[in-house]
Amino acid sequence: MEKTRQKLQKARGPITYANLSAQKIKIKKDKHFRKRGGTTKIITVSCKACGNLLFVYQKDGPGWLKRCYLNRILFPEEYASLQKNKLLKIPKDLGNLKCSCGSLIGTPIQHKDSRLAFKLVRKSFKRKTPKKLNYSLSRLS
1 MEKTRQKLQK ARGPITYANL SAQKIKIKKD KHFRKRGGTT KIITVSCKAC GNLLFVYQKD
61 GPGWLKRCYL NRILFPEEYA SLQKNKLLKI PKDLGNLKCS CGSLIGTPIQ HKDSRLAFKL
121 VRKSFKRKTP KKLNYSLSRL S
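Residues 1 to 141, numbered by the working numbering, are exactly what the sequence shown covers, in order.
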């Protein structure tokens, strides 16, 4: 996954907040969204060591960010497309979530509802709610 990320960064440059505001991000409204109270936040997750922006995540419900489900990662495409990859069935297939600086951000797990996720290492990442984002609602069943 790290090689894919590096290739994409060379092609389009590093992921920055400026690149992010130009993207159209769709909020997912499905059974998981409704189960957590119907509230959501769009947050950015970045490396605490180097400040590199890793991905944009849709957090449903209140509470701490302990794990990131693959189906809730919205941007960039190399992480958002992991949920559609049919070859990823167990956490061992996924590999660790690492920043380009080498810091370990998360380890793969499978939640009790069979969704793959990254269990985040505390104090290895920063979360931020961006002030301006271009997003729209999408209804998924």
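Watch out, some of these pointers could steer you wrong.
Unchecked claim - Label pairs and their in silico Cβ distance ranges:
id: 1; residue 1: 101; residue 2: 39; range: 30 to 38 Å
id: 2; residue 1: 131; residue 2: 93; range: 31 to 39 Å
id: 3; residue 1: 39; residue 2: 113; range: 33 to 41 Å
id: 4; residue 1: 102; residue 2: 62; range: 16 to 24 Å
Claimed, not checked - Within a straight-line C-alpha distance of at most 27 Å, the following computed DSSO-like cross-link-like pairs (lysine-lysine) qualify:
id: 5; residue 1: 131; residue 2: 119
id: 6; residue 1: 48; residue 2: 131
id: 7; residue 1: 92; residue 2: 66
Derived from the structure by calculation, the hints contain no laboratory data.
Just so you know, these numbers come straight off a predicted model, no measurement behind them.
Yeah, the Cβ is synthetic: ideal placement off N, Cα and C, and Gly gets one too.
* Lying within 31 to 39 Å: is that true of the beta-carbon distance residue 131 to residue 93? -> holds (37 Å)
* Return holds or violated for the Cβ distance of residue 39 and residue 113 against the range 33 to 41 Å. => 19 Å Cβ-Cβ, so the 33 to 41 Å window is violated.
* Please test the hint of 30 to 38 Å on the beta carbon pair from residue 101 and residue 39. => holds (33 Å)
* To do: State, for the Cβ atoms of residue 102 and residue 62, whether the hinted interval 16 to 24 Å holds or is violated.
  => violated (32 Å)
* Measure nothing beyond the straight line between the CA atoms of residue 92 and residue 66; if it is 27 Å or shorter, mark the hint as holding. => Holds: residue 92 and residue 66 sit about 19 Å apart, inside 27 Å.
* Verify the proposed pairing of residue 48 with residue 131, using a straight-line Cα cut of 27 Å. => The hint holds at about 20 Å.
* **Hint consistency between residue 131 and residue 119 [alpha-carbon to alpha-carbon, up to 27 Å]** => Given pair residue 131, residue 119 holds - Cα atoms ~26 Å apart, limit 27 Å.
Checked against the numbered hints above, the structure breaks hints 3 and 4 and satisfies the rest.
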